[in-house]
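Asks: Residues per chain, in single letters:
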Amino acid sequence: MSEDFVRRMPGVSTSFTARGNTLLHLDVQLILLLILIVSYGLLILYSAVEQQNAPVNAQVTKIGIAFVVMVAMAQMPPMFYLRLAPWLFLVGVCLLIAVIFFGYTVNGSQRWLRIPGVLSFQPSELMKLVVPMILAWYFHDQHLPPRIKHLFWAALMIVIPVLLIAQQPDLGTALIIGVSGLLVLFLAGVSWRYILTVIGVGLVSAPALWFVLRDYQRGRILTLFNPERDPLGAGWNIIQSKTAIGSGGLSGKGLFQGTQSHLDFLPESQTDFIIAVLAEEMGLVGVLVLLGLYVLLTGRGIVIAIQAQDTFGRLLAGSISFTFFVYVFVNIGMVSGILPVVGVPLPLVSYGGTSILTLFAGFGMIMSIHTHRRITL
Amino acid sequence: MAEPLVLKDHGEESQVFFDRIIQGFGFLLVITVLLVARMFYLQIIQHDMYSTLSDKNRIQVQSIEPIRGLIYDRNGVLLADNIPSSNLTITKERVEDMEETIAAIDALIGLSDDQIESFKRRLGRRQRPFESVPILFRLSEQDIARIAVNQHALDGVEVKAKLVRHYPLGELMAHAVGSVRRINEEDARKLDAVAYSGTNHIGKIGIEKYYENVLLGQVGYQRVETDARGRIMKVLDANPPLPGVDLVLHVDAGLQRAASDALGDKRGTVVAIDPKTGGILALVSKPSYDPNLFVTGIDFATYKSLRDSIDVPLFNRAVQGQYEPGSTVKPFLALTGLVTGTTSTEYTIEDPGWFRLPNNERLYRDWNWKKSGTGGHGRVNVQKAIFRSCNVYFFELANKLGIDRIHSYLSLFGFGRNLAIDLPEARSGLLPSKDWKMGARGQIWYPGDTLNVGIGQGDILVTPLQLATAVAMLANRGKSVRPRMLRQESVVEPSFIRTPDQPSDIDLVPESIWDLVIDSMEKVVHRGNQGFGENGTAWAYIGRGIQYRMAGKSGTAQVVGIAQGEEYDEDMLSERKRKHAWFVAFAPVEDPVIALVVLLENGGGGSQYASPIARQVLDHYLLGNSGVAAVGKKL
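If you read the protein sequences in the order shown, they are chains A and D.
Residue 203 in our numbering is what sits at position 203 of the first sequence, and the numbering runs on without skipping anything.
Converting from the second sequence to our numbering requires adding 377 to each position, the first position being numbered 1.
It should be emphasised that the hints constitute simulated quantities derived from the structure, not laboratory data.
The reader is advised that the hints may include incorrect statements.
Unchecked claim - If you want the footprint, here are the derived chain A segments under chain D, 3+ residues with CB under 8 Å:
id, region
1, 245-251
2, 285-292
Stated by the list, open to error - Stretch by stretch, here's where chain A covers chain D in the computed footprint (C-beta under 8 Å, at least three residues):
id, region
3, 404-410
4, 421-431
To be verified - Simulated restraints on C-beta separations:
id, chain 1, residue 1, chain 2, residue 2, range
5, A, 285, D, 425, 27 to 33 Å
6, A, 52, D, 441, 55 to 61 Å
7, D, 871, A, 102, 34 to 40 Å
The structure displayed is predicted, hence computed values, not measured ones.
All C-beta atoms, glycine included, are put in the ideal place defined by N, C-alpha and C.
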């Protein structure tokens, strides 16, 4: 195809030719950043689990599996995900409904589906990818910016899974999935007028939301503003994590030297609150390094979104990248006491396989978008 | 008009997308700066403060146990108290070597293998750091002294005084009040960790269980500064616990004692209800056990002997025991017969000592049936059927009523329903019906089944509490009540009291039916000197010298079936196969203030054995120790 027929995004240089490793459909920069963050995370985890090998090995295995999934997903062309999106959405919504009837309850939330002896999983985890996919699918052949009629259907695609997940109740995941869907709308160019209207309505109706929340969710919000309110329960976590972070100072107490985390004062130090271990032992410097890596990784995803050649690719890559950073913000925000504790893990670092798998699968799709190009420049 | 075809404008779309991505990235940088600023604030500006806080984390939050609410009887007699107990506690984080420390404690005061095992279990449980765990309760003075002398060698080990539950009346109130137990691992998983952070016990049975949330109180906490060994140097601030609510019960400890004494060593139960309120005045189940044994942990041998005893002392016969009611259902059947017009005051039958269904060989015998054919009650009307407890009359009546009508009227009185409000162990008995039999046994209902129900035998089962409630409603002439323990209901949330299944009042037309049946029950006790076969069944045993008017009905429930053609011969049966003796009563008839049920397991005939106990209990309640009528005072 001749160069003359290609209209390019203004301001974007035309000089790039090599798009990662097109043979294996991988993006070297993304992979390098992922490996850096994951390794850094394993080091923190090793400290958080009192330098035991077993949990770290288990985590390495999970990361290995997630990595293989990512590479495999990168090999499929974006067209594959485009065609799959509506079906995945239907299956996902059905599974979320199935959770209401057949799900089992852990810690008061009914989130899991279990096929005895085979596997158990949270359908809400699947929806973290499927919601951006379905919206990108919906907009890919439409005139953009979307008109009000289309916004209605798009809103339904967000609201249905979000409500199903919020009732489990899993407010943290519901909010994040809602945000990932809204990000697609934002990237699709929904007029600022609509965005500001929605934000305005949201702010006005926020007090009403208070009555919908369950007691423990209200408790978390009240505790955020005043941790002393409940120093034996939820407030304990925030008091202890702030103490851990604050006592770290500029350069930290030294790796494996954190007293808060090692004397068991810090709750959930391997999962949601792991950033406090980093902050205590490696100080502000250690936190800035991790934040820098996160910004670079998100930035790389954004560059790929800009370079994507069709609407589906750029919306999906853009939403996944920004959502990734939303995780970072919500987790660090809650551990440092500026957001309520909503149970969002620190991406790529917290102990646990499910979240890692979802994240890597998302990056697999980003790489697929980047390396399967119809137009070779 | 057709919609205009809108073509995708890729150029415009790309431009919009690019703008949005840049705006999004700008926002991302803003929130990154926000996070960095927050970290900078915590780690640089507030570093000194947090550094001090974390320095060996000398500042701790400790929970303070709330004082459990007390339980009183209606006259203010203390039924459940809290008394100090010296407990041995261990703070895990301060112990250098747990094995060594336990060995040292063992050397000092001697521990059994069981105890060591349970320490380790308790110490293995998750909890907040630097919280002391009680591992041994009620240390003796000697043990306390031994630990104190060797304190220097026992880092992390302390003797702490704590309040624990104590039941001053011991066995007497065990089944009425229930008891608390130590929180075990299973409980701990289900409980609100914060609410119970200072508490080691939880109500497991009876009132203690039902009103657990009210009795518990609210945990308090204090922030303290400690030295390196965990000793408190300074209390920084404290939020005192809120004590639990004290409860006043309907129970009358004096009456409970009288009922218990009247039962003596026999296995059985006495339930007394105030018919006006449904308040339970006495709830005795014998044999009983000392609930104090369970509070601080019972050793396995004692527990096993209680659990495996053939007399099942842990079993609350009054609310959990389900027995055939025997003839005590007859007054209720008579009411049903009269109100449905199935029988009348004038209607009589000739009782030859047996009843036979048409086209059926089987003889349904009266209780005074003789092989010789000399049994039976002669001519019987409804009143005599009650005061002589004539089976044949009720066989015939039940047969005419049919099980459907019997079921619908008896369930009005609470048969087959659990009406108890705050007795969590109470069971609902069984009021059989056609549907029930088909569902439970897959069989159709036979007319013979109805005959058995007509004299309170066969499939019908009641708990003593249930029967007492039915008698209370009868004494009330239909005003329904639900049995309850708590007297001061204002101290708890209405949801504790207002539960579904509220029975409705029973209206009988004409009202005189109540008078007739109650009068017949009065005759059971007071009709005497009328010659053989004409006196009330209980008169000979309790009817003489009685200072108030009492209505009663005896009952005798078979434990084993008696073959066709055989007489029941008490001496031939081993003790455990003898009949259960029932007596139900209320008094004074003019204005009943107490309804009562006595059950003697394997006690024999109801009139002979159970009615004297009922009289003794009623005498105590109505006459007091002085033997003078004191009804007014008791109101």
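Asks: Take the hints in turn and mark each one as holding or not.
Replies: Against the structure, the hints come out as follows:
no. : hint                       : result
1   : 245-251                    : holds (count 6)
2   : 285-292                    : holds (count 3)
3   : 404-410                    : holds (count 4)
4   : 421-431                    : holds (count 8)
5   : A/285 to D/425: 27 to 33 Å : violated (18 Å)
6   : A/52 to D/441: 55 to 61 Å  : violated (35 Å)
7   : D/871 to A/102: 34 to 40 Å : holds (36 Å)
In this structure, the hints that do not hold are numbers 5 and 6, in rising order.
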